[in-house]
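Sequences listed follow chains A and B, in order. Each residue of the first sequence is one higher than the one before, starting from 1 at the first, in the numbering used here. Each residue of the second sequence is one higher than the one before, starting from 1 at the first, in the numbering used here.
Be aware that one or more of the hints could be misleading.
[As the list claims (entries may be wrong)] To list a few chain A residues with every Cβ distance to chain B over 12 angstroms, as calculated:
1) Glu15
2) Ser37
3) Asp73
4) Gly108
5) Ser141
6) Lys148
7) Pro149
8) Ala161
9) Asp174
10) Ala177
11) Glu182
12) Pro189
13) Pro195
[Unchecked claim] Within a straight-line C-alpha distance of at most 25 angstroms, the following computed SDA-like cross-link-like pairs (lysine to any residue) qualify:
14) A:Lys79 with B:Ser74
15) B:Lys203 with A:Ala177
16) A:Lys178 with B:Thr50
17) B:Lys190 with A:His88
18) B:Lys203 with A:Asp176
19) A:Lys178 with B:Leu154
20) B:Lys203 with A:Thr167
21) A:Lys178 with B:Ser74
22) B:Lys203 with B:Val53
23) A:Lys79 with B:Arg187
In short, the hints are calculated from the structure, not lab data. Virtual Cβ for every residue (Gly too), placed ideally from N, Cα, C.
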Amino acid sequence: MKVIELKESVTASNEADAERLRAKMKQEGVLLVNVMSSPGSGKTTLLSALIRDSRETKLKIGVLEADIASDVDAAAVEKLGARSIQAHTDGMCHMDAGMTARALEEMGTKDLDVIFLENVGNLICPAEFDTGSGLNLMILSVPEGDDKPLKYPLMFETSDALVITKTDAMPYFDFDAKRCAERVRKLNPDIRIFPVSAVTGDGMPELEHWLAAKISDWQTGASPAKR
Amino acid sequence: MSDRAFEILETKERILADNDAVAQTVRSRMREEGTFFINLMSSPGAGKTTTLVRTIAALKDRYRIGVLEADVDSDVDARTVTEAGARAIQLHTGGSCHMDADMTLRGLDAFDTKDLDILFLENVGNLVCPAEFDVGADARVMILSVPEGDDKPLKYPLMFRVSDCLLINKTDVEPVFSFSEEACLQRARKLNPDIAFFPLSAKTGDGFGAWIRWLTQRVEAKRETSAAG
Numbered sequence: 001m002k003v004i005e006l007k008e009s010v011t012a013s014n015e016a017d018a019e020r021l022r023a024k025m026k027q028e029g030v031l032l033v034n035v036m037s038s039p040g041s042g043k044t045t046l047l048s049a050l051i052r053d054s055r056e057t058k059l060k061i062g063v064l065e066a067d068i069a070s071d072v073d074a075a076a077v078e079k080l081g082a083r084s085i086q087a088h089t090d091g092m093c094h095m096d097a098g099m100t101a102r103a104l105e106e107m108g109t110k111d112l113d114v115i116f117l118e119n120v121g122n123l124i125c126p127a128e129f130d131t132g133s134g135l136n137l138m139i140l141s142v143p144e145g146d147d148k149p150l151k152y153p154l155m156f157e158t159s160d161a162l163v164i165t166k167t168d169a170m171p172y173f174d175f176d177a178k179r180c181a182e183r184v185r186k187l188n189p190d191i192r193i194f195p196v197s198a199v200t201g202d203g204m205p206e207l208e209h210w211l212a213a214k215i216s217d218w219q220t221g222a223s224p225a226k227r
Numbered sequence: 001m002s003d004r005a006f007e008i009l010e011t012k013e014r015i016l017a018d019n020d021a022v023a024q025t026v027r028s029r030m031r032e033e034g035t036f037f038i039n040l041m042s043s044p045g046a047g048k049t050t051t052l053v054r055t056i057a058a059l060k061d062r063y064r065i066g067v068l069e070a071d072v073d074s075d076v077d078a079r080t081v082t083e084a085g086a087r088a089i090q091l092h093t094g095g096s097c098h099m100d101a102d103m104t105l106r107g108l109d110a111f112d113t114k115d116l117d118i119l120f121l122e123n124v125g126n127l128v129c130p131a132e133f134d135v136g137a138d139a140r141v142m143i144l145s146v147p148e149g150d151d152k153p154l155k156y157p158l159m160f161r162v163s164d165c166l167l168i169n170k171t172d173v174e175p176v177f178s179f180s181e182e183a184c185l186q187r188a189r190k191l192n193p194d195i196a197f198f199p200l201s202a203k204t205g206d207g208f209g210a211w212i213r214w215l216t217q218r219v220e221a222k223r224e225t226s227a228a229g
């Protein structure tokens with residue numbers, strides 16, 4: 001079918017774009033983190049918490065906000081003092097490496113430690129496109145349910161870390177953290193799982209500690225320049 | 001770079017035009033059969049299946065109900081709605097992030113919809129791509145759940161624009177989240193002044209009366225039109 005052919009040809013050139021961007025980021029010592037999740041699972045709230053904590057973690061953070069329309073997220077993170085840029089995807093359901101590279105060029109990356117790409121809210125399409133990131137981080141929120149690994153397996157397979165957000169709402173939902181972890185590990189045995197509540201701050205130190213180590217590995221060359 | 005983007009766009013337009021033609025085929029078939037066909041869309045985890053289960057329970061004594069369950073993978077939903085008393089078929093989209101008219105038509109062929117009064121398509125959990133594809137439904141119904149936030153119309157405008165009805169689900173947890181029904185409604189109506197709006201809880205059943213009435217009116221109207229010729 002035409003759709004599938006188009007997808008393949010785009011992905012083929014996307015891979016080259018992604019490798020080029022990854023090499024550039026590696027050279028600059030800036031870790032690009034591709035943050036993916038469903039709409040409304042708390043990407044912006046988590047990033048806001050990371051930016052707020054950066055006064056203590058001393059990380060220089062940049063944020064690339066990708067949205068189909070609107071600029072509410074970029075406005076939110078800018079208010080907190082992070083360098084940010086809003087990318088409009090013109091109806092596209094995901095970011096690819098070429099779009100990411102262009103947006104980062106516009107924003108300027110050199111003096112940063114880490115850049116979070118807040119991808120379009122979608123558990124399917126972003127999983128298929130390498131953005132050139134050094135790390136893929138996905139978010140699943142408690143209200144979405146612990147069965148999501150069964151339904152959107154590729155996203156769980158391609159992520160290095162899973163952040164489970166809104167853990168403060170756990171008493172109101174039928175979410176079994178252990179069952180969720182089992183389902184995730186079946187797809188991706190090496191994935192790191194961080195339960196957090198960006199509202200109460202629970203679990204944030206563990207996530208931040210891990211991120212800091214990943215950034216340091218990236219900058220010192222301990223981690224390879226590919227996912 | 002920009003050349004390539006332009007090519008992609010052109011191809012997409014052609015795909016959408018082809019899709020619209022097949023959607024008309026689905027629509028005329030549903031008209032002949034007198035089946036009211038609903039395309040149900042939402043984010044992952046907004047409560048499509050739970051809402052369906054409660055809707056089926058409310059209507060199964062009056063109507064014959066079928067469900068096309070579309071998922072990238074898995075068959076957990078088809079099993080759940082079958083247990084609730086609907087006839088169901090599971091469609092695997094093979095990684096595709098939405099249902100299109102052709103996939104829907106193939107689902108209908110495999111399912112035999114002739115004796116049904118209501119057919120639901122539970123689309124892939126996604127607020128972006130399913131909004132672009134007409135599957136030939138009589139009504140597009142979208143679900144937004146309270147934990148997702150009242151700002152979603154700002155970020156996924158097309159979905160709100162193309163939907164005939166917006167169900168706000170999980171109202172039972174409204175006290176836990178900062179969600180304003182009024183702000184959400186205003187934002188949705190700005191995009192789509194005619195959208196029907198029903199806050200409800202698929203967990204407790206709160207608010208289901210109004211939604212079931214809205215749906216029943218449309219099912220009856222379709223049956224009358226079909227019977228008249």
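Hint-by-hint comparison with the structure:
Non-interface call for Glu15 of chain A relative to chain B: holds, since the shortest CB-CB distance, roughly 14 angstroms, exceeds 12 angstroms. Listed as outside the interface, Ser37 of chain A is inconsistent with that label: its C-beta sits roughly 9 angstroms from the nearest C-beta of chain B, within the 12 angstroms cut-off. The Cβ of Asp73 of chain A does not lie farther than 12 angstroms from every Cβ of chain B; its closest approach is about 8 angstroms, which violates its non-interface assignment. Residue placement check: Gly108 of chain A keeps its beta carbon more than 12 angstroms from all beta carbons of chain B (closest about 19 angstroms).
Distance check for Ser141 of chain A against chain B: the nearest CB is about 7 angstroms away, which does not clear 12 angstroms, and the non-interface claim fails. For Lys148 of chain A, the condition that its CB be more than 12 angstroms from all CB atoms of chain B is violated, with the nearest at approximately 6 angstroms. At the 12 angstroms boundary, the C-beta of Pro149 of chain A falls inside the reach of chain B, the nearest C-beta of that chain being 10 angstroms off. Taking the minimum C-beta to C-beta distance to chain B, about 19 angstroms, the non-interface status of Ala161 of chain A holds against the 12 angstroms cut.
Not every beta carbon of chain B lies more than 12 angstroms from that of Asp174 of chain A, the smallest distance being close to 9 angstroms; the non-interface claim is violated. No beta-carbon of chain B comes within 12 angstroms of the beta-carbon of Ala177 of chain A; the shortest separation is about 15 angstroms. With a least CB separation of 15 angstroms from chain B, Glu182 of chain A remains clear of the 12 angstroms interface cut-off, as annotated. No Cβ of chain B approaches the Cβ of Pro189 of chain A within 12 angstroms, the least distance being about 19 angstroms, so the stated non-interface status holds.
The claim that Pro195 of chain A lies off the interface holds: its Cβ sits roughly 16 angstroms from the closest Cβ of chain B, which is beyond the 12 angstroms cut-off. Proximity of Lys79 of chain A to Ser74 of chain B is assessed by CA-CA distance (about 42 angstroms); at most 25 angstroms being required, the pair is judged violated. Proximity of Lys203 of chain B to Ala177 of chain A is assessed by CA-CA distance (about 20 angstroms); at most 25 angstroms being required, the pair is judged to hold. A hinted pair counts as satisfied when its Cα atoms are at most 25 angstroms apart, and Lys178 of chain A with Thr50 of chain B qualifies at roughly 22 angstroms.
A hinted pair counts as satisfied when its Cα atoms are at most 25 angstroms apart, and Lys190 of chain B with His88 of chain A qualifies at roughly 20 angstroms. With a C-alpha separation of about 17 angstroms, the suggested pairing of Lys203 of chain B with Asp176 of chain A holds against the 25 angstroms cut-off. A distance of roughly 35 angstroms separates the Cα atoms of Lys178 of chain A and Leu154 of chain B; the hinted pair therefore is violated under the 25 angstroms criterion. Taking the CA atoms of Lys203 of chain B and Thr167 of chain A, the gap is near 20 angstroms; set against the 25 angstroms cutoff, the hint holds.
The hinted pair formed by Lys178 of chain A and Ser74 of chain B meets the criterion: a straight-line CA distance of about 20 angstroms does not exceed 25 angstroms. Of the pairs offered as hints, the one joining Lys203 of chain B and Val53 of chain B holds, with about 10 angstroms between alpha carbons and a cut-off of 25 angstroms not exceeded. Between the alpha carbons of Lys79 of chain A and Arg187 of chain B the distance comes to roughly 23 angstroms, so the proposed pair stays at or under 25 angstroms and holds.
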